[in-house]
Amino acid sequence: MEITALTAHELLNLLRSRQISPEEVVRALSRRIEEVDPLIHAYLSHDLDRALADASSADVSLPLGGLPISIKDLISVKGHPCGCASKILESYIAPYDATVISRLRAAGAIPFGRLNMDEFAMGSSTENSAFGPSKNPWDITRTPGGSSGGSAAAVAADEAFAALGSDTGGSIRQPAALCGCVGLKPTYGRVSRYGLVAFASSLDQIGPLTKDVEDAALVMDIIAGLDANDSTSLSEPVPGISANLRKGVKGLKIGLPKEYFIEGLDPEVEKAVRTAVEHLEGLGADLLEISLPHTEYALSTYYIIAPAEASANLARFDGVRYGYRASESDGLIDHYGRTREEGFGAEVKRRIILGTYVLSSGYYDAYYLRAQKVRTLIRKDFADAFQKVDVIACPTSPTPAFRLGERTNDPLSMYLADIFTLAANMAGICGISIPCGFAEQGGKPLPVGLQILGKELGESTILQTSYAYEQSTEWHKTKPTIGV
Amino acid sequence: MSSTKLEVEYVAELARIKLTPEEVNIFRSQLEIVLRHVDRLNQVDVSNVEPMAHSFPIYNVFRKDEPRPGLDKESALANAPCQAQGLFIVTKVVE
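Residue numbers (my numbering), protein chains in the order written: chain A, 1 to 484; chain G, 1001 to 1095.
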C-alpha cells in the first residue's frame, strides 16, 4: 500500500518497527504533494529540506516519533512562515513555537508545511484565502469548506497523515464533514491557544483533522493540557483521552436536537445522519429527542461576538513591527488606513467593520452585551440537555460541499454554512465530525458528516462514540479519485 | 437595537481602514442584511441573564512575580518592515 494512504497510527507502527525511516516518509509525502497539490492547492508552502533535517533526528520510540503533522497557516512554528493566508502577513516568519507545536515536537512529531485557509480564519470555504481557494478532493469544482479547508483537503487527499486546524465557529468540523475526514474541536481551554493567531479569543480552539478517530485521539493526548502561557487553559488533567476509545456505546444516551432537523437541511444529508444514529442505536445506544431552544439565535450571537473580538485582535496588524506596510504614507492615520486597506481581504475588512460597529459607543449594550447574554442561554440549553443525555448527535453541515463561487457574493449565505457548528463554540463544549455516508450530487459522491457534541471535558465520550460508529462502517476507508 | 443606519465611513475611520467608495457602498448593503438578521436577538428575554464571556469560568490566573527573559531583540526585529540600529523605523508621528 502506498505509504501516504496510511493512517497516522498505521504509519507509527511501521516507523517503530523500523520497516520505514522518517526520511522515507517525508520523501513519500513530498512526492504525493507534488503529484496532487497542483489540483487541490491544500498547501501554501512546504519545506522539504527542513522536514528531512527534522526527520533525520526523529526519535521513533516517542509516541508520535517520525510522524509529519501538517499545520494550518495560523499556528506559529519557529522559523516557518505564519501568514494566516493573508497579504498583511505574507513575509512574516514566526519567531517561536506555539505550545501545541512544542508538545508535538517533544512527542517526536515533525511540523510540516503551511496549510491553506480562509484569511484569518474568517470563512467557510477557503475562498477568502489571499492565495486562492483549495479544492475539495471529492470534486475539484467544489470547496473543501473552511476555514481549515486546506487541512481537511490535505488529509482527504492523502497529502497529510494528520493536520492541525482551528475552530472558532465550525472551522475544523465543517471542512472535515465536506471532505470526509475526522475533525475535532476540543472543549474551550482544553488545548493551549499560545501561538495561535487570535481571531475570537473566547471561541478559538486548535484541534486535529485526521483520517480516523484513533488518530484524532492520539493527537489530542499530546496537544491537550494546562499551559502557563495561556491563562484560559483548563487545569483539568488529561486522562489519556484515547484510553476509553474501545468502550463502545451500550447504554449511552444520544440526544437528537429537534431544532437541527429542519427546513434547509439537505434531504440526503438528513438521510445519512438519521441512518447513522439508527446504526448507533443498533450498537446499543439509546436515542432521545431533545430540544435546544435557542438554536435559532446562535448565528446572530456569533456574528456579533466573533467580529467584535476579531476587531480587537486584528488591531495589531498595523504595519509597524511586522507584516505589510503601505508605501509612502502621509502621516500615521494614512499609514494605518492604507496598510490595513491594502493588506486585508474583503471578508476580513467586513468583519472588522461589523465588529467595530457593535462595540462602538451607543451600540455596545444593544448588540455585544445582549449577544453575551443570549450566549449564556445557549450554554444553558446544552447544560440542561447533558443532564438527560451523554452526547448529542446531529448533522455537521446543512449541505454537502457547495461549488466554488456559489456563495461568494452573498456573505449571509456563506455564514449559514455554520449553523450547526456555531453553538458548540458559543457554549464552549467539545464536538467532532466523522464521515457517515455520501450524497450524490453533480454525478459525484460528496461526503456527509455526523457531528457528535459532548459536554465540557467530554472528549473521551465523543471519541468513544465516534470510534464505535466508525469501526462498524467503512466510510473512513473510502478515498476520493482525485482530478475527476 | 433597531436597524440604525450603519455609518460605514465613520466605523472604518475608527477601525483605521481606508476603504474605497465602492467598498463603503458594498459593505453597507451587505452588512445591513447581516444586521437585520441579528436584530432577532431582540426577541429574546434576557432580563436577569448574566453575560457570558468565558465558557468555563476561570479566575485570577497568576504566575509568580519573578523576572524572566522575553523575546530577544534580534528575533523581535526580524520581521520589521524597516529597521536600523536595533530600532523599528516608523512613520513620523511628532511634528
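A hint or two may mislead.
Said to hold, decoys possible - According to the in silico footprint, chain G covers these stretches of chain A (three or more CB under 8 Å from chain G):
1) 328 to 339
2) 346 to 353
3) 366 to 377
Keep in mind that the hints were calculated from the coordinates and are not lab data.
Glycine included, each C-beta is placed from N, C-alpha and C at the ideal position.
Given coverage of the region 346 to 353 of chain A by chain G, checked by CB-CB distance under 8 Å (3 or more):
holds (count 5)
Cut-off 8 Å, C-beta pairs, minimum 3 residues; does the coverage of the region 328 to 339 of chain A by chain G stand?
holds (count 9)
Checking C-beta pairs, does the region 366 to 377 of chain A have three or more residues closer than 8 Å to chain G?
holds (count 11)
In summary, the structure agrees with every hint in the numbered list given earlier.
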